[in-house]
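These protein sequence lines are chains E and A, in that order.
When the letters of the first sequence are read in order and numbered with my numbering, they come out as residues 1 to 379.
When the letters of the second sequence are read in order and numbered with my numbering, they come out as residues 1 to 320.
Take these hints with a grain of salt, some might be off.
[Claimed, not checked] A partial selection of chain A residues facing chain E, derived with a Cβ cut-off under 7 Å:
hint, residue
1, Gly25
2, Leu131
3, Gly134
4, Thr228
5, Ser231
6, Ser234
It should be emphasised that the hints constitute simulated quantities derived from the structure, not laboratory data.
Keep in mind the model is a prediction, meaning the values are calculated, not measured.
Just so it is clear, CB atoms sit at the ideal spot from N, CA and C, and this is done for glycine as well.
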Amino acid sequence: MRFRVIPFIGLAVSLLLCSTVFAATPIKIGALFAVTGPAAFLGEPERNTAQMVVDEINRTGGIKGRKLELIVYDTGGDATKAVQLATKLVKNDKVSAIIGPSTTGESMAVIPVAEKDHVPLISCAAGIKITDPVKHWVFKTAQNDSLAVARIYEQLQRQKINKIAILTVSDGFGASGREQLKSQAARHGITIVLDDTYGPKDTDMTAQLTKIRGSQAQAIICWGTNPGPAVIAKNARQLGLKIPLYMSHGVSSKKFIELAGEAAEGIRLPSGKVIVADMLPASDPQKKSLLAYVKDYQKHYKAEGDHFGGHAWDAVMLLKGAIERGGDAPAAIRDQLEKTRQFHGIGGTFNFSAQDHAGLGKDAFVLVEVKNRDWMIVK
Amino acid sequence: MKKELLKFLVFLVIVMAAPLAFKGGYLLNVLVFVGINTMLAIALNLLLGYAGQISLGHAGFFGLGAYLSGIMTATYGWNPWLVMPLAALIVGILAFMIGFPVLKLKGHYLAMATLGLGIIIYIVFNETVDLTGGPSGLSGIPNLTIAGTTFDTDLKNYYLIWSFTSVIVFLAVNLARSRVGRALRAIHDSEVAAQVLGVNARIIKIQIFALSAAISSLAGSLYAHTMTFISPASFGFNFSVELLTMVVIGGLGSIYGSFFGAVLLTLLPEFLREAQDYDIVIYGALLMAMVMFMPGGLVRGIPALFNRFIKPAGKGNGHA
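Bound-form chain E, shown alone (with noise of 0.2 Å):
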């Protein structure tokens, strides 16, 4: 029995040593991402930049010497999951802020969490619920589905077409965009000629087009992520039809046109800039952190950093710039990130205020058509 003692005593000294030896302790910073799942192609390369970043600003010293602490916890997709991790993050954790989740039914999930425990949350969703109305502690860093769709209808007015069919789908992130095709469509002066949704996991939408083929509309706009999309630009050139097809920024990433292969060839749609980044004029304000994100991600997981991504950098480095300037305590981060005005990002120009916890204007977002299996920023 007593030689059993020794053990004990050996992990009480060492465990006295390690609390010494830390003595500048880190700032804790929380994330959930969906790592698995549906939502698996948000949260992977939303949880690889967060920690390429972290390790990046811990290894070039930390924020004024103490070191970041990312802890990252995977929801899977499920709202309720996300609720309790975001309890773990905020009463076991005690981090003094928190990344994502990924979608936007988990941010409107954990949005209670964040506003009654008082820590600062930046979501990595694009729903334009969760800072509409502003919620005092919630920011987040995906561009609104409203600034797509603008960029859209824009491009459509310029080439005066006035009747579209929409093909959405039916998911959180299919609803949003089809509210938002609907609402702003009157402004721009198109009539939306046909209405019409897709299951996430249909492999065949020959019907709907067919639908579509005999309407009067003089373009397509699909809002889905892969791959869905894929098949419908398969599915429309089999058909043969001719009239232009727009898709969302959900699918503005290379899986896109190896999934749909010739089939993606003319295909437009807006994207965040960091697919078109070498493509940019030397003026653009993004450039630099677009180049550096491109450049860090190919070395670090040798794939192509998409902007899903980049809202997990954005949320990051604005929350490095909230703690130089103001220290880690929940309150002060959330005072300075509302006080962020010309961060140049990866989803765009960031300009915080009192009234807008999303951020970001009309310029986050740039047309591009699929041109020789590469994209093309569309003039």
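For this one, chain E is given, so just place chain A on it according to the hints.
Using the frame of chain E, we list chain A on its own:
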């Protein structure tokens, strides 16, 4: 009967004392959901464990309760305490009507029919955007209040939810030991034999289906008021399967089994999170091991293991 009362009192003491051990940590928040899951597992167990009728659509009834409460209180401003029993009644009646055709089916066909029912309800949540808010969910659901106290902290919610859960446990234990409970078990073993003995199997099955749905709806209402936000993703097929797993792992035909099943399946992922990327693998392996070595569920498996390994070992030492 005294033994049952003692069991219930032990359960009550554990439940009421548990928050003392967690002191406001996040696990208290998880325990609130354990309470909701316990209610659901008991509801499903009454149907599956006692009457032997499978349902893969219980997440749908759970969701109906949540959405009825959510919509009526958040959109139309009704009193939550009024909506809650009303929702349970509506869902119960709905299940009663659906029960007539569906419960004529047996085995795999019943599983398929209830699976379909769950999926239809899920699609309705997604597609009726004007009413439910569609896939992006419904927010602004009020917390419950009693006499000026708002249930807005984890501790308050814990006692609120577990009060309901305790009442459900008490009623379910009583039901299981009543004439109806015996009739259900008779149907489980042989429907023909039960009918020969004068049990109206068809009606009793439909009644228990409706009761089970009504309890699920109540759990859904409580979930909506605790979360204050709901979205269809929480009420999908996956959750129906998770409930089924709770019931089977806990022990079919045991009310406290459902309690243990809900506790284990809700808490286990939290502890396995330490294992990072491997948590899902370990989770799956543990479930497999439990089903293989404790086919009767935790309530029967743990005592059996105890008898097999601990008791003989004690005897062995005595002989030596």
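Hint check results:
Hint status for Gly25(A) relative to chain E: holds, with the closest Cβ pair at about 5 Å, below 7 Å. Annotation: Leu131(A) was flagged as interfacial toward chain E, and the flag is violated, the nearest CB pair being 13 Å apart, outside 7 Å. Hint on Gly134(A) holds. Least Cβ distance to chain E is approximately 4 Å, under the 7 Å limit. With a cut of 7 Å, the hint placing Thr228(A) at the interface with chain E holds, because the nearest CB-to-CB distance is about 5 Å.
A least Cβ separation of about 4 Å between Ser231(A) and chain E falls short of the 7 Å threshold, and the interface hint therefore holds. The interface hint given for Ser234(A) is met, as the beta carbon of that residue sits about 6 Å from the closest beta carbon of chain E, less than 7 Å.
Comparing the model with each earlier hint shows a violation of hint 2 alone; every other hint is respected.
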